[in-house]
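S.K.: Chain by chain, the residues:
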Amino acid sequence: MPFITIDNQEIEFEDGMTVMQACELAGVEIPRFCYHDRLSIAGNCRMCLVEMDKSPKPIASCAMPATEGMKIKTNTDSIKRARKGIMEFLLINHPLDCPICDQGGECDLQDQALHYGLDRSRYEENKRAVKNKYMGPLVGTIMTRCIHCTRCVRFSTEIAGVDDLGLLGRGENAEITTYLEKAIESELSGNVIDLCPVGALTNKPYAFKARPWELNKTESVDIFDAMGSSIRIDTLGKKTLRVLPRLNEEINEEWISDKSRFAIDGLSKERIDIPYIKRNGKLISTEWDEVLNRITQEISKHGKENTLALSGKFTDIETLFATKYFVQSLGSNFFDCRYDNAQFIENQRSSYLFNSSIQEIDNAEVILLVGTNPRWEASVLNARIRKSYINNDCKIGLIGKKIDLTYEYSHLSDNIEHLNDLLNDRSPFSELLKNSKKSLMIIGNSAINFRDGKEVLNVCSEIAKKYNISTNNFNGFNVLQQDISKAGAIDIGFYNNDFAQNFDQKIKDHISKFNPVVFLLSCDEINHSILEGAFIVYLGHHGDVLAQLANVVLPTPAYTEKSSTYVNMEGRVLQTTRCYHPLGESKEEWKIFRSLSNNFSQKLRFNNLSELRNEISNLFPVFKEINNLPSSSKLDFGSATKIENRVLEYNIKNFYMTDVISRASITMANCSREILNKVA
Amino acid sequence: MKHPGMINIVSDTSNEIFEWSERNFSKVKIVIEKYPAGKQQSAVIPILDLAQRQNNGWLNRSAIEKVSETLSMSFIRVMEVVSFYSMFNLEPVGKNFIQICRTTPCWLRGSNKLLDVVKEVTGCNLGETSEDKKFTLVEVECLGACCNSPMVQINDDYYEDLNEDNFRKVLLKLKNNENINKGSQSGRRGSSPEKN
Chain A
0 MPFITIDNQE IEFEDGMTVM QACELAGVEI PRFCYHDRLS IAGNCRMCLV EMDKSPKPIA
60 SCAMPATEGM KIKTNTDSIK RARKGIMEFL LINHPLDCPI CDQGGECDLQ DQALHYGLDR
120 SRYEENKRAV KNKYMGPLVG TIMTRCIHCT RCVRFSTEIA GVDDLGLLGR GENAEITTYL
180 EKAIESELSG NVIDLCPVGA LTNKPYAFKA RPWELNKTES VDIFDAMGSS IRIDTLGKKT
240 LRVLPRLNEE INEEWISDKS RFAIDGLSKE RIDIPYIKRN GKLISTEWDE VLNRITQEIS
300 KHGKENTLAL SGKFTDIETL FATKYFVQSL GSNFFDCRYD NAQFIENQRS SYLFNSSIQE
360 IDNAEVILLV GTNPRWEASV LNARIRKSYI NNDCKIGLIG KKIDLTYEYS HLSDNIEHLN
420 DLLNDRSPFS ELLKNSKKSL MIIGNSAINF RDGKEVLNVC SEIAKKYNIS TNNFNGFNVL
480 QQDISKAGAI DIGFYNNDFA QNFDQKIKDH ISKFNPVVFL LSCDEINHSI LEGAFIVYLG
540 HHGDVLAQLA NVVLPTPAYT EKSSTYVNME GRVLQTTRCY HPLGESKEEW KIFRSLSNNF
600 SQKLRFNNLS ELRNEISNLF PVFKEINNLP SSSKLDFGSA TKIENRVLEY NIKNFYMTDV
660 ISRASITMAN CSREILNKVA
Chain B
0 MKHPGMINIV SDTSNEIFEW SERNFSKVKI VIEKYPAGKQ QSAVIPILDL AQRQNNGWLN
60 RSAIEKVSET LSMSFIRVME VVSFYSMFNL EPVGKNFIQI CRTTPCWLRG SNKLLDVVKE
120 VTGCNLGETS EDKKFTLVEV ECLGACCNSP MVQINDDYYE DLNEDNFRKV LLKLKNNENI
180 NKGSQSGRRG SSPEKN
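Chains as they are written, first to last, in numbering that gives the first Met the number 0: chain A, 0 to 679; chain B, 0 to 195.
Excised from the complex, chain A in its bound form (with noise of 0.2 angstroms):
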């Protein structure tokens, strides 16, 4: 490998890098505003200049390619000089509102103004005025402020894949703009508000909220969609004020769904935090007690051994395995996690996991989607697809309604039973699958939350078998979970098999038939006129529609204020960290669980967290250990039927509002009506 010179310290780099990567090698800070590690090099911030050997002129770092032998200073007078005067004209125009600006604290300007900024200012003529521009609901921008790095630029052309944003007019009067000042058309655009430099992009909801130092920072888990990204929770009391993601390579690299970020304000909205309870066709509040005894009675009247449990979109392992061991110690077998219907082959994991890992979406010659919108599924993932399109000239392949997914690909069908064509050969993209090296096989739920799921998995399976898709060391049969509760509840056997195919008809027989107690563990997505006939107890944080339709509604903490633990689509085991307190009364679900088996033969054993995670991981060895890849499991099944005629349709039809906390935020639903309506 080649050696460089940084400050006279001689290291090594590799081919292809930058002088200022190679200066990070040294362990040298190089001060920056354009450059970004996953960006595009665009060089015009200068701020980043060093000394480089036998040139007359400061170079920048930023785009220089380092090569064998180079001299590079970075410390010396001259280039401090240099930075000086890059930094005194970056601050001609720029505003002195430090005090009333949303990035005073972490603004990168700020801190690079304490070392190379000037205490006075040479400048007498005006400043440049720049009108502020309107980006949506969910960027505010102050665009005096902006320095023209670019950062959001290129951010929303090549990562995010939507050209909305650019640099109309140049010198004096450049100005950062979308077309026609309209909303950017991104599930990620909140990330051009982390990108930017200065405060010229902020977030508009959280507007002079607070300042950065007041805030209490959780790292925590994302459980939007099934990535389990890593996010920061910026929490001031009882209140979520922002959510900001966290590097993680392995699943988001740095960036976070605006579900993620925006949604939160649905949190103090619409809440549940006492118990309820129904009396002559109205929800009263009521005591813990009153309600405990009332259930304890109810299952008791409507037959034990026929208690129902049904998990939702947002239910934790701890809850998942609380409920199932109270239900199983009534005598009951009843409880299923397919509230949208979407099948899975028993005790085959490798049947509901995202078997390759996320993260090697980069390496990936060929995906092909079937029955998937990852753009709304999983935001952030479709970013990594657009990625591999990009870098290594992916070719991408859809089974579905044709989308805008950010990228070109392929539109093979609208009807699921192109796979039969795929699995006879007869496709045209049956080729492009036996000539590459590595390929990716995304199944979403749409595809599979019919009654011939199985079928389908089945197939799709044979066909990862017989185009190298999986072999003996690589599985590339991937299912894309939309929720995060799915994997773990599957992998605790959160099921009942006598549910399977047709989850609405089997559960409204079921109820039909014994009248029970029906265990809503936050579970709003389920189609309310199965539930006719039961004694319904809802467990949740929003009063959506179901809590509405309950007998009994019991309060428990929302993701933000309890500490609970995921299985993302990955298989990898996560876990959450409470910001604050529950609100009001709420209790967690398996506390909830463990007094009301008091009242019943079988007590649950656990008395803490800690012994209830111990004896989760007891029981699945799955849970011993957190954020590891799962080791891939070959494919086991796989058997080719004929898969029948079935057009597909996306089972999300509005990703700012697909959960009680989205349907709950202002924000979202200012964003689903100026995004998704174009209404302005």
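These are calculated hints, taken from the structure and not from any lab test. Possibly wrong hints are sitting among the right ones.
[Said to hold, decoys possible] Derived, one-sided and incomplete: chain A residues facing chain B with beta-carbon distance under 10 angstroms:
no.	residue
1	VAL152
2	VAL161
3	LEU164
4	GLY165
5	GLY168
6	ASN172
7	ALA173
8	THR177
9	TYR178
10	LEU179
11	LEU240
Glycine included, C-beta positions come from ideal geometry on N, C-alpha and C.
Please arrange chain B on chain A, whose structure you already have, making use of the hints.
M.R.: Positioned in the frame of chain A, the structure of chain B alone reads:
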């Protein structure tokens, strides 16, 4: 003063829909063919120029959108190009688009006086269009004809060796839609030595 081309907004006053004329569309195809397949975006500047010529010297929103559609580019990318180059006008211009050179050689040879003349004859200031829509006046930097300075460019043609008298004549003829000679107004060929 802002050059009309330097205004970063799309003027949407006219609701005219821009469509390629048959003749121009065949030219568009020829231009695009000069570039490798899939790289048709490289043709954006010549094609914007064609659109501007067809649209009476300026680009309205519909024209920009037509160009982006023709080249399968996003609007904002075309808009970036349009707003960067001062040769593209984002506001309606008069029939005669006068670009008066004010860089040092022309200025030394009296471009200031020409400016007075043009303001007097057309009645518009820098950056303005006259009421009869016959003239638009803007100042530009060096157009590379310093040897015959002072000079102005009117639409596609250079008018050189100007002084107050002959420039006034040129403008009046333009105002009355009369024919005028392009190039040097002192009668010399190219930059041949002046006799006197």
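S.K.: Each hint needs a verdict: does it hold in this structure or not?
M.R.: Structure-based check of each hint:
no., hint, verdict
1, VAL152, "9 angstroms, holds"
2, VAL161, "8 angstroms, holds"
3, LEU164, "7 angstroms, holds"
4, GLY165, "4 angstroms, holds"
5, GLY168, "5 angstroms, holds"
6, ASN172, "5 angstroms, holds"
7, ALA173, "8 angstroms, holds"
8, THR177, "7 angstroms, holds"
9, TYR178, "4 angstroms, holds"
10, LEU179, "7 angstroms, holds"
11, LEU240, "32 angstroms, violated"
Of the numbered hints listed earlier, the single one contradicted by the structure is hint 11.
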